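Q: Throw the hints in and build the complete structure from the sequences for me.
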Amino acid sequence: EVQLVESGGGLVQPGGSLKLSCTASGFSFSGYDIHWVRQASGKGLEWVGRIKTKPETYATAYVTSLQGRFALSRDDSKNTAYLQMNSLKTEDTAVYYCARRRYPNSFDIWGQGTVVIVSS
Amino acid sequence: DIVMTQSPLSLSVTPGESASISCKSSQSLLHGDGYYCLDWYLQKPGQSPQLLIYLASYRASGVPDRFSGSGSGTDFTLKINRVEAEDVGVYFCMQVLQTPVTFGQGTRLEIK
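The listed protein sequences correspond, in order, to chains W and Z.
Position one of the first sequence corresponds to residue 5 (the numbering used here), numbered consecutively onward.
Position one of the second sequence corresponds to residue 186 (the numbering used here), numbered consecutively onward.
In short, the hints are calculated from the structure, not lab data.
Mixed in with the good hints, there may be bad ones.
30 Å max Cα-Cα, derived DSS-like pairs, lysine-lysine [claimed, not checked]:
#	chain 1	residue 1	chain 2	residue 2
1	Z	209	W	47
2	Z	297	W	93
3	Z	229	W	23
It should be emphasised that the depicted structure is a prediction, and the values quoted were computed from it without experimental measurement.
A: Next comes the structure, spelled out in structure tokens:
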């Protein structure tokens with residue numbers, strides 16, 4: 005089965021760090037860009053960032069509002085992408101999804117999401 | 186950043202009737218290869234979003250032909266024919282022409 009599974013969410017204090025994982029199965033992970041999208045409770049979807057494939061030098065891009073607090077990486081040998089979140093703020097509380105993309109198809113497979121709660 | 190604006194923000198539709206959702210972008214979504222980088226997603230209650238339409242008018246695998254996408258430039262439309270109870274949820278448009286990728290606010294569809 006083609007799927008993405010996020011993990012690593014949890015409760016963290018403001019100013020803390022958390023590292024999310026997105027593990028793929030059932031397809032050639034190395035051939036896809038991986039995007040991260042978050043959704044605060046009852047709110048819309050917000051794109052967080054993406055990491056491209058090796059031929060595109062694992063290029064990353066992020067939503068401007070993050071101000072360098074988050075970092076994306078991937079390990080194709082483990083079929084896993086990572087989202088390192090630092091200096092977390094209460095407004096980072098959300099469900100975090102990863103999704104794959106390879107042009108021209110778009111986000112055709114999403115994970116089930118992992119919950120991040122930033123609270124003291 | 187490209188701003189995506191959806192309307193209406195909510196819809197109440199009788200089963201069997203049609204529904205349309207508009208999505209307008211703050212700049213053209215035309216890619217250099219001639220396609221429009223506009224997608225439509227449906228997020229059913231309690232679920233992850235699912236891809237309905239990509240490149241403005243191409244149905245994703247497994248999506249019923251009741252769903253269709255159209256538009257060009259900065260104006261796009263998702264049409265749902267013969268609405269069914271399973272179509273309930275929030276519909277989002279998304280531009281993927283450039284980063285940051287941006288979403289519309291979402292349109293909540295309910296069944297009368």
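Q: Evaluate each hint against the coordinates.
A: Verification of the supplied hints:
| no. | hint | in the structure |
| --- | --- | --- |
| 1 | Z:209 x W:47 | holds (20 Å) |
| 2 | Z:297 x W:93 | violated (40 Å) |
| 3 | Z:229 x W:23 | holds (27 Å) |
Violated hints amount to a single one, hint 2; each of the other numbered hints is respected by the structure.
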